[in-house]
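Undergrad: So the chains spell out like this:
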Amino acid sequence: MRIAAFLPLLAGITLMAQTIDRTKPPETPPIPAFKMPPVHESKLPNGLSVFLVEDARFPLVSVRLSFQAGSKFDPKDMPGLAGMVASLLTQGTKTRSFRDLAEELTSIGASLDGHASPDVFTLSGSVLSENTAKLLELLADVALNANFPEDEVSLRKQNRKQALLAQRSQPAFLANEKYDALVFGGHPYSYIAPTMESLDRMDQKSMIQFRDTYLVPNNAVLLLVGQLPPRAETLKLVRDHFASWKEKPVPAAPAKNFPESKRQLVLVDRPGSVQADIHIGRLAATRTDPDYYPLLVGNAILGGGANSRLFLDVREAKSFAYDAHSELDRRKDAGVVTAVTQVRNEVVEPAMEAVLGNLSQMAQAPVTAEELSDIKNYISGSFLISLETQASLTDQIDLVKTMGLPDDYLEMFTTRVRSVEPDQIQAAARKYLAPEKDSIVVLGDAAQIEKSLEKFGPVQVEKAK
Amino acid sequence: MKFALIDSDHSSAIPQAAQPVIPIEKYTLNNGMRVILSRDNAVPVVAIYMIYDVGARAEEKGRTGFAHLFEHMMFEGSANVPKGMHFKTVESNGGTLNGSTHPDYTDYFEVLPSNKLAVGLWLESDRMRSLSITKENLDNQKEAVKQERRLSFDNRPYQTAIVDRWPELAFQNWQNSHSLIGSFEDLNASSVEDVAKFFKTYYAPDNAALVIVGDIQIPQAKKLIEDYFGDIPPQPKPAKPDLSEPATPTPRSDVYHDPHARVPAVLIGFPGPVRRSPDYYALAMLDILFTGGPSSRFQLNLVKGKESLIQYQAEMGWPFCSSTDYKNPGDYAMFLLFKPSFTPQQIVDQAQEEIEKIQKDGVDAKELERARTLLRSERITALQSSLHRAELLGKYEILDGVPELINTDLEKFLAVTPAEIQAVAKKYLTPERRTVLQILPAPPPKENH
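Chains A and B, in that order, give the protein sequences.
Just so you know, we're using our numbering here: the first sequence kicks off at 1 and counts up by one.
Just so you know, we're using our numbering here: the second sequence kicks off at 466 and counts up by one.
If we strip away everything but chain B, and leave its shape as in the complex, we get (with noise of 0.2 Å):
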């Protein structure tokens, strides 16, 4: 792989070489399909993604967790693969997959030797193409997604807490606010109807983007991605759905007893800035000082220090975003696991104590320059990753169209000032904009023998 190196022409704080340019290449197919390709002859091995402009926060009333239920159909067949063929062709070719469902997005991958490329177009486009809705493919993914709820989320502890009553606390808009991961009921109530409309609307071509990246050579792949995708028929653009929050944030707070948790933990949220706004990338600092790395001030002063935390968690868009796919509506918010030697309200009051340190004071400009410099390394750490550049690409162009900014949004984040770090601080941190939910310990259900 060959680097270029980024001109930084506006901050002497901005490394020469903040970090390694990724190769981008953007099309757009005549059916509307957006296409990235980047090429990268270092390994044998190639990443497609597929990324589809419709997420969870798209759902209707009374359909909680379908946009995740017909993530799970995309995988039961198509025209030309029959039930069970996605799976096996994919790994009977060396290669590994997954799809996931996000508020605002959903996406699928392959991972393959690099010279397997077409077999992981044939099988994106076949689905896109044709998918198989039947009712025989719906009942078993119902059952799939039942059991995978129960798994991940109802036998462990602070899950439940996390995925259903979180939303419905930092949200107002049911929109933004109700399960993603969907009730029973709802899955239930789902039928094929549902199933075929949502297929239709929501996964055409020009409702999504195709980014390839790994060794591939640039004039094959786009006559693959042409012969694959180039007849699949666009669709009408689907309406969005209206996410918007109340304009003045009130103050909210709520109890989960957790059957599942032995140690009491805390959430902490705060509605977040315009993503991309300057605020967006001084909050995503702010955080780094918080939080990130070893020398962090959570770290230092609240593990250490006061020796009250024993885990944390914080991210622009948690608990289903980072700040690489946070999008309005959106919070800042924190996971804080503590010792039970302590309230939750003291917990509470040490973390806006920390954040009170930074509104009244301010930050070092050696501390700043340390937080800088993890970021720096932690991008760079992460972009080796074929299916994680690819990701990347397709977050970019499918939340601001611009997958360019893989190369330049870095230098955003590395120029943010103390001082815009100490206005964000005091402009979204304040306790009148905060949502709470604490979750204790419940003691465990009666034993019956």
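Excised from the complex, chain A in its bound form (with noise of 0.2 Å):
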């Protein structure tokens, strides 16, 4: 009844919408830059830096207590151990059981966690605005005085082994598991959990150790974001909770020992696999290497989006798999490049084709105009919506600050994108996207993909673990 009776007046709409032309895509102004709030930045005379960004938007506070202690820091024999510290610290401390800070955060509307990467270990909270005083309070008590009480630190372990396990039927984990094994050889970026036996070395003792190494003060960044109290007052609070915290030296990062990228293929055999998850790639240019932003464009036509060369191939185009694309890791020492799918048994071998030739041509040809103007406003958009929480703002001056990257990196960010020549990213192609010395990891079941891989070289072939 209602549709019937405004019938008379769609007509009327239909003669004015025909005023827009809806055979091309309307035009509209260019992407805004992204504009970087001020920092301010001191630093305590026991060498903490401290970095306080305000933040209207909400009433919430995000902080990020950082040291240069990710799991490249671990013991030789104990792969893992920053992990478990990390996770450990918020367990329990001198005067607070796990029960006591659990209730105190969540009774003013906290989260507190630890977690390492593979180059630095942090500390990430956020709270309520209301809260900001009592939040400090809490992280200053984990970061000096956790201590690791023994029936935690065993319940932990457990709950790691479980987990690894867990961990060990997940088709994504064994294959990055053996990938970045071979791409960083004897450098401890090689291992991507613990091991079982590593967990059983780790105890309290250890765990100490490791935090009066590296969590000090001197190693440490502080970055608070948001709805602040009054600068003199939120610099207060920092010097009360964190003055007392002693500075010492820290030893320095393992070597930059990384192994010649050559080319292996390992098939990680796994009975049962309905499809094969691949990985092809090789060590490749980090943050602040003049390849960086060559590199980051070219990838991105590659293998960054829907409109990416392998998502348009091998999905698109050749319905191989649901998911095609390349990705850039970005730690500190090294970068690694890596293209991935996951393709169903029958079209391994036209798949790794399909990828390898799209690695190639990277390398053979230069990219087009048209290409590189998409790609350039792709990354330009997604890094300003990437921007828009407080959590990823604030992950983000963390980054700038704990991975020696330029003050300016974020608000240059896109301007260095937008410079990047078509031959600048055939000349990094050569250098990191040309297959012929990759690695090459294929996850599946053997019996049914062995044989398609044979063309591509010498097969090593592993049980998974």
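To be clear, the hints were calculated from the coordinates, so they are not data collected in a lab.
Accuracy of the hints is not assured; some may be wrong.
Covered stretches of chain A (chain B as the covering partner; in silico rule of three or more C-beta atoms under 8 Å from a C-beta of chain B) [what the hints assert, rightly or not]: (1) 40–54; (2) 152–160; (3) 386–394.
A virtual CB, placed ideally from N, CA and C, is assigned to each residue, including glycine.
Using the hints, build the complex out of the two chains.
TA: Next comes the structure, spelled out in structure tokens:
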């Protein structure tokens, strides 16, 4: 009934609507630049670097306390120690049990978690802004006074072992594990998880030793972003909680020894897999390398997003896969570029050819002007969008401060992306994307797919652990 | 962004400013399409969210997975947007996009730099007006969906049990119990005619809501929306499927042997209350007491304490919904990953024991106050994202017809009392109403060499 009643109106609207041209996308202005909020920087006498950023949009505060103490600093016989220390810091201090900490955090609307990436060890927190002072008190207690209670250490070890078993049922985990081992060789970047044996070796003593060695103020950055108290008050809170922390010399990071890239092909056998996980790639430029921006842009043309060459070819044109992309792993001391896809068993051979072909093509011919302009917009726009929330803004500023990036990194990111030229991309592609020296890891059912791989080089078959 | 404070006039337990107020302007185009605008000029980003009032529970027998297959077809081009150009246009304008299929609705979004609003509206309106429905596109997307199924379900632990077996156990009406991702057989059987009919029936402007949140100017946005969507013709209101379940639930259980799983798990579920009824709010708060944050009962008593659980998840409407898009008939369900030194029955008993403690002893006021603060903090944190705000507004519109709930619904959760929580534990979470699915590691298939 309602519909019939307004049909005459629709005719009028149709006439009006004809003034727009539907046949092509509307003209719109260029993507706006990201405006970096001011960062206030100071340093405590014990060496703790402090950064404050006002973000008044929501009544929230985000906190990061980051150390140069990621998993690359694990003792040789204890891979995964940094990660275990990170997860255990919040499980008890000299004056607070796990339950006390958990209840106090929840009652102020806060979260506080430890995490170790390959390079950086981070305590991340957020809180309703009215409770910022209390979160800083808890953060300092955890960072300075964690006591790694025996029962919590033992429980965490048991649960990590079970989680490790669960991870070992995930194809992506098994493929990544082998891939990183090949690419990084003997460097501590080469493992992605603890082992059953390393977990057995860890105890309260090794955790305290790691903490006392690396979690010291002169090795740390404290970042606060949000609706902060007035600056003088915030800085006083920081001094009150962190000034008594003693500075200490810190051992050097492990040497940047990485193996020469060379072609190697490993098939990780997982009987019963209904598809094959393919990873192809090699060491590449870091964020501070002159090749970085050309590689970033080239990698995105190759396999970033739904308009990339790999997606259009392997997924859309050939229907081999749901996902086909390439990724840039950007660690402090090394980058890695990797093409990734998961394909059904019957098409492993043509899918490998397609991925390798796309990698070679990047090195053989310059990208087109249209591809380049599209991808620059894509990278600039996604960058802007990715900085929308306080947590993501905080993580990006933390990244700049912990990975040794220039202060103007975020503000200049888009300009640097926009300045990349096709010949620079091709040069970077010859260096990093041409697949002749790539490591290849395929995870799948060897009985089904081993033959399909033989034309790509000698296949080394290993059982999934 | 400017914040007014919510005037809370009925409960001292509710903080004066429970959350920032999201501005809302709602109106309806002449063709029946609902529009919700929310302006926020803090960052130069805009989220465009299109939600259609149809989901997998509307599928017909022999066509499991069809709503999801159709969602894929929405990216295959339309009269003025050639195949492949949807993705390309969004990305080359600096945006991100996606679509997803849910039991009760299907949604699509573009997040763009805010001065690209017109581009997103052009794309969304063109496919609503004139989707390209061809055999070639359909065949191609059937393959994509099968690959998605292999990648996300068949090759991963727990997923097939959750997506295929759990609904069969938790529900008795086929509309609710069939697989949402669908069988390969049904996907193969879908025809171009099916797609065309589904499009005409459900993808009409009067069966959809468009939400725009972010850095917009309201008059300019309204003009663009009228220009792009105003003359798309409405369709007769589609019939709603009968989703009713038997009034008296019976206990059901099964064991699923999962060749990919290395660690055992149990799923436990109970048929839940009516969406946004007093019981719904009380059960959602009880869920926070059980599983929300580091001081939850499951964390303190089962991960610690009994040291039996490794991981847990629980939600109103789990696994496909959360409390925000829970719709009847729905359940309250949990996924518990546990140490193999325990039996599945011990885990079920331990979970039930936690429920019994609430049934017997009720809830401590301080514990409930913590749960309220946690909920408030999580809601505010989530509201930061313009896309999340748009999704909430769209879901409240499609499920309740009241987008303003984005500003007021939190108060209902915060007002729940200990007595109400104890009452829902007794009424809903009893062994007589319980569904249990054990997922046990199966021996790996025989090796061939």
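Undergrad: Are at least 3 residues of the stretch 40–54 of chain A within less than 8 Å of chain B when you compare beta carbons?
TA: violated (count 0)
Undergrad: Verify the coverage statement for the stretch 386–394 of chain A against chain B, using a C-beta to C-beta distance below 8 Å and requiring 3 or more qualifying residues.
TA: Coverage by chain B holds here, the residue count being 5 at a Cβ distance below 8 Å.
Undergrad: Okay, the stretch 152–160 of chain A and chain B, do three or more residues pass the C-beta test at under 8 Å?
TA: With 3 residues closer than 8 Å to chain B, the stretch 152–160 of chain A meets the three-residue bar; holds.
Hint compliance for this structure: hint 1 is the single one not met.
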